[in-house]
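Position chain B relative to chain A; hints supplied.
So the chains spell out like this:
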Amino acid sequence: MTIRNENPTAVLPDDARLALVLQAVDAGYWDWDLTSGLVTVTARFAELFRLDGEGARPVSAVFAAVDDVDLEGLHAAFADLFARRAERLRHEFAMRVPSGDPRWVRLRGQVTAWSPAGEPLRAVGLAIDVSDDRRRAESLRTAHKLDALGALAAGVAHEINTPLQFVSHNLDFLASQCAALEHGLVPAGDDDAAALRHELTAAIAESIDGIDRVTHIVRALKEFSHRGRTGPERVDINQMIENAVTLTRHEWKLVATVERELTPGLPAVAAAPHECGQLLVNLLVNAAHAVRAATRPGQKGRIAIRTSLVDGEVEIRVRDTGTGMPPEVVPRIFEPFFTTKGVGQGTGQGLSTAKAIVERYGGAISFETALGHGTTFVVRLPVGGPSPARR
Amino acid sequence: MSTRRLLFVDDEVPILRALERMLRVQRRDWECHFTDDPLRALTIVDEVQPDAVVSDMLMPGLDGAELLLEASRRRPLLARFILSGEVGAGSLVRMARAAHQCLAKPCRGDVLLGVLHRALITPAPDHDPALLRGIYGLRSLPVAAARVETVRRLLARPWSEARDRDVVALLSGTAALATKLLQVATWTRLGMGTPPAHVHDAFFQLGPDAVRALLESELLTPLPAQEATAFQQATWRRAERAAAATCAVARAEALSSDEARLAALVALWGTSAPLLADVSCRAQYDAARDEAAATAAPLHAIERRVFGLSAADALAHLLQLWGLSPAVAESVARSDDAATLPEIPLAVETVAHLTRALVDELDGHALPESTAAHVARVGLGDRLDAWRGLVARVLEPVAA
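Chain order of the listed sequences is A and B. Note that the numbering used here has the first sequence beginning at 1, numbered continuously upward. Note that the numbering used here has the second sequence beginning at 1, numbered continuously upward.
Chain B on its own, in the form it takes in the complex:
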């Protein structure tokens, strides 16, 4: 792998010197640059073309958010991090708009190294930079404005358990909202304790008021109905159905409620991944989908041929860049292709993958051969009909 280049910006020189020492262990693979001057940092971005920037927030001249926004204009394929001792939530929205991830000072060295490692791993050696370039600039996954408004209105009602249950259900069925919620809940833990594993935990950790503020913030880019394409609307619907059905199947198979929520999240993200390829490289992706429909070849295989990586791989990479659990991101990547599923019948990836396929089957798409083969291999054959029945009961079939 080629040498990766990193830039660290902080107006406190002792922090830069300590970072430099800590990063010595990486000096074979990483070329690190340091500056205490945010304006100088922009020159370094031009000269060095770094792969990642880690910046402090409060600095004289240019703050971290301004610096990262300008840096991303100059170099789109740039992983952007804020490392700040800011405690209040006041500037969180500004930081989160500019950075892929916000880390709180003090941040342990091993945590920081892990975050940088994951961001700097290229998802595929010969990928098409166009896809990644597209997703590096995304603030959030595409989401329907009407959905954001529905949740916001619901949250404006007086509190009741039923209200919170409905809100969590809507959030759990909307990939953009689920992602943003988990992201912010992870950041606001200030590096302490375990981050929330699923939407349910994230909602109750942040609380209704913070979630409402989030929905009204500029961290989301809601699409009005007339701007959303038919493909986006179909994908939103498919993802929501896949998540709900997966949760039901996982519970019926007596997985714990945490595992069931996790499986639903994996199904949600897995089915939402095409939105990324669609947003970044629409024409190429339309052609890839037409090809998949015409040849019955698996879409992920065509994605890999065209882009060098599948949409699910790209989303998994983005989720890690956004600071979400690497384990979940890996599950999303593995659950897309039957060939990469774990050989465990009730692994969350398997439940998510198979339930997604059954939802598609209900909508008139035959179970892919590779999926059927995996079902036979892990001995889930005798469960298949029960799952099929359950999925049909949970979802009303879509009128063709």
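In isolation and in its complexed conformation, chain A is listed as follows:
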């Protein structure tokens, strides 16, 4: 059913105007009379909730229609509204649809009449299908993840190129010496022979060092990679920090020294390794950028990472001698897309992603900052996990 009003200048009665607006924003309307327990809904609302047509029905019939993954959340949202803990209802939830992706519905509303005793009498509001917005946000998150990966990959490639360069030249040298040997060209003097022997030994030793450096980087990458398993595993935070320090070396090596004070024998943390890796990389990259902004060329700042067991939780402290944060920035740093860096330097996703990861595993993230002196991020993660150690 489409409502039309062909005369563009006609003054409409309120009801008709409301109907037009609701149609324009594709919203369903609900009106809950708490005294009778009846909810009156429009056709669009009924469609969203897969109810049988518009009109009034008991509230239980509406809730019964919500075959939701998070029905408790919906009840809690209304409870907050009715107990005046929230002035307005704002709740999004997924409704299972018989076939296809879940439908995301956003409910907004307000109590419009209270009894003298403070009981809610009537609440009205809207229901909107926000599935498209959700999907867009999801693909944005994925795009950002790839973006961060790309930035890390460029640095990691640089770190691999250095050992490749000197291993390659050492092999050139060894090859030329082998060729000389075959042609019977050996150095004349004893001094030359001794020096050459020393160079040969050093060329081999340094090449092995170079191969070790590459191996180290590749191993760290492997431990960070998504192994296709879902759900948390038992993660050794100290090992993860070593990996993150290796993979971010390109970000900090010119501007900072990294100090580690890792308490040995920490209990494992239950988390997905790649998310844990991303958390640590984000904190380290953030620290490196802060230090870079605060350090004059040719000087180095410090990044200190400490782990310990505090109140049965693993605590990670990442302290930098960077710029610190001005007070107006402090409340916003975990907001998605909030960045103090110039265009092309930061996506504003690093810390909000870090926070999301920490909270997913029941942990907490906080920080202390002193403008001009630096910032310390403190992450707490609960120990243990659902599965026994597997390595």
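One or more of the hints may lead you astray.
[What the hints assert, rightly or not] Partial selection, computed: residues in chain B whose CB lies under 10 Å from chain A: (1) Asp10; (2) Leu16; (3) Leu19; (4) Glu20; (5) Leu58; (6) Met59; (7) Pro60; (8) Lys105; (9) Pro106; (10) Leu113; (11) Leu155; (12) Arg157; (13) Glu161; (14) Arg212.
In case anyone wonders, no lab produced these hints; they're calculated from the structure. C-beta: ideal position from N, C-alpha, C; glycine also.
Below, chain B without anything else, positioned relative to chain A:
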């Protein structure tokens, strides 16, 4: 040949040690210095007066681009190279402004040795350093600002095959743009695969967006119309006509399209070489050209007498320093003088040389004797009229 002096700068000491070992094979001819400190490197430049510097890009204190710019101020006749593991294109413009050539880590030892060898070969034993000093400081060949703007505007239009064809034609007729395009396309291959041989390949390898960014970058030094001399404008025009005519002649003689594009590039560079002598030693070069006009002596012979090397030799050297194919650079040097042309009728050098001479003939300059003699020697005499007709058809004659 005297001992050449080289300086290598990298903050990773194992790289310096491995370079030192690899360079042992050169120790009779090259005196190599190494440092992991870019500030110390500047002191070494003052003390040792090296002929070439190879530097890493990302270093504490001073990055490779800053180091090379300062080093070139202290010692103008210095071949400058960046050897970097930087993968992103972000710092390419900065690197390319400071260095003659950017090499990507990991770079094979034989590749690096080849690059250094070519840079360190003195084009002529008793050359006038003024000419080389002038060209070592050049970021690009001189180019008209209006030409850069025309190509840039064309590239801003929505894509069509015709647009790309027009852009490639303009780039192929503009020596400064063709050179820079080939240079950057060669560097961004990161040492993998074969570098593009001509402008057409380079354009499609980089893609329109990168080419546009290049045109807007500081890698070019476009001259506004009021600053360009009459000689520069005439040379730009002559080079563009020579390149277009050479391509047409090469195709008519059934050379492959790759060979035809290569011949056009050789003609473009050969006719553009005087721009280098003009930029570096204007007064001397004006006198040399006056002498050539008055005595009918070949210009390259006068250039060799005055500067110790011809403008084409100087350009060939610069092209190698900029990392372009040594084979093409050699073709440019050989195509300038009929005496050094290969004894093969349809070699790209011969086609480029003869077509250039025919373009000049169309503009009122008689075919030089040495060129006519070469035509007879390789048996191209019966083709000459056909080529002459083709050149006239391709280009409208210039009103005197």
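Legend entry - Hints that the structure is at odds with (numbers, increasing): 11, 12, 13, 14
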